[in-house]
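**Student:** Construct all of the structure, not just a fragment, from the sequences and the given hints.
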Amino acid sequence: MIHIRKSTIVDAPIDAVWAILRDFNGHDSWHPAVSASQIEGRLASDQVGCVRDFQLAAGGALREQLLSLSDRDHSMSYCILDAPIPLQDYVATVRLKPVTDGNRTFWFWESRFNVPAGREAELTQLVGEGIYEAGFAAVKSVLARGNSARPSNQAANAAVTISRPAPRPVGETLRTNAIVVTAYGGADRLSWQDIAVPPPGPGEVRLRHTAIGVNFIDIYCRTGAFDLLIPPGVPGMEAAGVILDVGEGVRDLAPGDRVAYACPPVGAYAEFRAMDAALLVPLPQAIGDRLAAAALLKGMSAEFLLHRVHQVHDGQTILVHAAAGGVGQLLCQWARSLGATVIGTVGSQDKTRIAREAGCAHTIVYTQEDFVARVMALTEGRGADVIYDAVGHDTFGQSFEALATCGHLVSFGQASGAIPPVDIAGYASKSATISRPNFGHYTDTPQKVRSITDNLFRNLRNGTLRVNIALTLPLREAADAHRALENRATTGSIILIP
1 MIHIRKSTIV DAPIDAVWAI LRDFNGHDSW HPAVSASQIE GRLASDQVGC
51 VRDFQLAAGG ALREQLLSLS DRDHSMSYCI LDAPIPLQDY VATVRLKPVT
101 DGNRTFWFWE SRFNVPAGRE AELTQLVGEG IYEAGFAAVK SVLARGNSAR
151 PSNQAANAAV TISRPAPRPV GETLRTNAIV VTAYGGADRL SWQDIAVPPP
201 GPGEVRLRHT AIGVNFIDIY CRTGAFDLLI PPGVPGMEAA GVILDVGEGV
251 RDLAPGDRVA YACPPVGAYA EFRAMDAALL VPLPQAIGDR LAAAALLKGM
301 SAEFLLHRVH QVHDGQTILV HAAAGGVGQL LCQWARSLGA TVIGTVGSQD
351 KTRIAREAGC AHTIVYTQED FVARVMALTE GRGADVIYDA VGHDTFGQSF
401 EALATCGHLV SFGQASGAIP PVDIAGYASK SATISRPNFG HYTDTPQKVR
451 SITDNLFRNL RNGTLRVNIA LTLPLREAAD AHRALENRAT TGSIILIP
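In terms of the numbering used here, the sequence shown opens at residue 1 and continues consecutively.
Derived by calculation from the structure, the hints in this document are not laboratory data.
Backbone N, C-alpha and C define an ideal beta-carbon position, used for all residues, glycine too.
It is possible that some hints are incorrect.
Said to hold, decoys possible - Here are the simulated lysine to any residue pairs, SDA-like style, with alpha carbons at most 20 Å apart:
#1 K6 <-> F106
#2 K448 <-> L174
#3 K6 <-> Q125
#4 K6 <-> D82
#5 K140 <-> I14
As the list claims (entries may be wrong) - Restraint-style ranges between C-beta atoms, simulated for each label pair:
#6 E122 <-> G249: 41 to 49 Å
#7 K448 <-> A428: 26 to 34 Å
#8 I424 <-> A278: 32 to 40 Å
#9 G397 <-> K448: 30 to 38 Å
#10 N462 <-> D314: 13 to 21 Å
**Tutor:** So, in structure tokens, the structure goes:
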């Protein structure tokens, strides 16, 4: 069994160092080997037993479990559950001690593990230098800069790279794996193929995706309901990643920058792609790649639905259909923080808990009860001031019935099918306002995108919004993700990992 012991002195108080290290989900904000981190389930990041899922900056995934944590002793221990490298029976301990000579901190990091015969020297160096020494340097850099900048990941990437080749220089066409819609139709029309990614043109960058968001608009593209994709083509409008190289004229982005996007043109279901630099959003340190891929499109939608299509305010009653879904959960949390009373409809009894945790004061299982009658009872016959309806065909008519006089019905999706033709004159009976917002119209300039994402990131950082990643799958299993979404088998966001 290999036993590695490393230590260092940090020129910072012990509480400052511990504040960084005790966050079991915080490595993607300081360790250069980690591009994204997510705690599985709904556990807190300091709860013993929680599992963190790492996406390595050089490619590959890693799962580790917290075994112990002591604020009194400034210590923690953890083990590896799954890794792309053969570190068997790996258990590590981190301990901090105050240094009497000045307000500094002694940091001790050790681990024990087994490795295959013949790889002892290689993997000892990888852990000791690529993980521990790189981690020491990264935390020192963060503290020296006042947590204002992520340290360079050049050294750690060199040490931790397992199998993915280094990025090729600008000018070469890359070959990459991607999901291709071969023809309009069902999920079986999604094919795993090898495609070319040309070098970035003027004003473009080329990305390596680290996490890809799955949304209902991807299904609309696959079935031909929307004309954003003409087969054969790569679907997907949302992803996070790292810039590989930049084209002529790109000034504000550079190789190594973490970015995300949630917009056309489609093409996110690929390991690499070229993209207009103006469409990209730089990611703050506090926003991990998987969180960005899970939250950006849904969160931007929730932002403009609540703040721009209709400005929800204190005292209003709103009804959110599909409240346990990805957009629904964000709408409910955000509306509650604005002072609204939130009523949420869900499709099954087991989803009511999720809707309540997301901020619903009342939940309605619309498959078991008349949601119109229930809304009227809850509002003493007045109806809801605003109704957010992404279900479409099955709910639109009844949504109008549940609307208050001078209320606003916001139809922003059609998961159950297209809305049949309606007689607009009938809406005069309630002086109703009807909106059918288009995501593209609210995000068609960098200025609009920056305004929306600044508000979204602020509310993610301060805890107003929490994102539930319900399903994580390899990119090549995108068809399974589509089936789960179409069958309403998930209660949150779905992401794909290249």
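**Student:** Hint compliance check: list the failing hint numbers for this structure, sorted ascending.
**Tutor:** As far as the earlier hints go, 2, 4 are violated by this structure, in ascending order.
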